[in-house]
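**Q** Below, each chain spelled out in residue letters.
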Amino acid sequence: MSTTIMVVDDSPFASKQIKDIVEDNGYEVIAYAKDGEEAIELYKEQKPDIVILDIIMPGINGLETAEILKKQDPEVKILMLSSLCDSGTMDEVKSIGVKHLIPKPLEADVLLASLEMVSKFA
Amino acid sequence: MEDIRDILRIPNREVLSVTKVLTGLELEKTDSNHCTKEKVLTVMIHTRGFFLANIKCEMDRDMFDRIISGMYGGGMPPDDEQPLYMNEYMNIVCGRIVSKVNALTNSVSKLSIPEYFGENDPDFGRDEQAYHILLAYRHGQGFLRFIIQFEFQQNGGEDI
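Going down the list, the protein sequences come from chains A and B.
According to my numbering, numbering within the first sequence proceeds without interruption in unit steps and concludes at 127.
According to my numbering, numbering within the second sequence proceeds without interruption in unit steps and concludes at 161.
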């Protein structure tokens, strides 16, 4: 059975890129959300194995969304994405209990290796 | 603080490399005087923190189509998605610029959500005390320019 994924990103480019990369590699994207509010609702309904979550989004940003998801479900597995990928951002991500952050533009091998890490160790 | 010249080199390097990765386009640096024809489309982003900047990206329709088609892998996405592609292009280019500035200066700066203005010109005014960078590029008949106005806010990290 495929590992299921929910993609949370306001960019249709990023959502399409992720789908194209992961679906040939044993994952199935079962839900897309374009902001944090939608992600919180969809997570309850769909219960994906992994959430791929962009940080810079309108409304509730990715960090706030991750905090809410972790309160709802402490076992949630999250992989964060951001174009702003520096030590300060990594510190913020770690401070909310998420261990994985990858930079945009996405590279297929980095995304797939990170998904494997998240599914095993997050 | 690091040498300002090292910081000034970052935007051009990141525009060229990110554009190549995202779209496959190899932009050619050009004189900004070549970029004054017809109406332009504009997308803008702001930063806050130590590196406090307004960044405006302007392009003609030809370049708009080239960038989006490159990101889409050929062809064009639906009309209503095209501005979102351009916002993501801006988000990634500027995210990389700010990440590099943060690393070089050991500081913290954040990025706003990009805003697409179409043919409207969101003039942010000129601050004579600020640094200014104008980067102009062409690809085929298309042109693209980044206008960056920035300053360093010594206590900028505290309000993030």
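Source of the hints: derived by calculation from the structure; they are not laboratory data.
The structure displayed is predicted, hence computed values, not measured ones.
Errors might be hidden in some of the hints.
[Unchecked claim] Pairs of lysine-lysine residues, derived as DSBU-like cross-links and limited to a Cα-Cα distance of at most 35 Å, are as follows:
| id | chain 1 | residue 1 | chain 2 | residue 2 |
| --- | --- | --- | --- | --- |
| 1 | B | Lys30 | A | Lys21 |
| 2 | A | Lys104 | B | Lys21 |
| 3 | B | Lys101 | A | Lys24 |
[Claimed, not checked] Just a sample of chain A residues kept apart from chain B, beta carbon distances all over 12 Å, derived:
| id | residue |
| --- | --- |
| 4 | Gln22 |
| 5 | Glu46 |
| 6 | Lys75 |
| 7 | Pro79 |
| 8 | Ser87 |
| 9 | Thr94 |
Even for Gly, the Cβ is constructed at its ideal location relative to N, Cα and C.
**Q** The structure should be examined with respect to each hint, and the outcome stated for every one.
**A** Now for the hints, and whether the structure bears them out:
1. B:Lys30 / A:Lys21: Since the Cα atoms of Lys30 of chain B and Lys21 of chain A sit roughly 30 Å apart, the hinted pair holds (cutoff 35 Å).
2. A:Lys104 / B:Lys21: Holds. Lys104 of chain A to Lys21 of chain B sits at ~29 Å (cutoff 35 Å).
3. B:Lys101 / A:Lys24: 28 Å, holds
4. Gln22: With a cut-off of 12 Å, Gln22 of chain A comes too close to chain B, as the shortest Cβ separation is near 9 Å.
5. Glu46: 21 Å, holds
6. Lys75: 22 Å, holds
7. Pro79: 27 Å, holds
8. Ser87: Answer for Ser87 of chain A: violated, closest chain B Cβ roughly 7 Å.
9. Thr94: 8 Å, violated
Hint check: violations occur at hints 4, 8 and 9; the rest are consistent with the structure.
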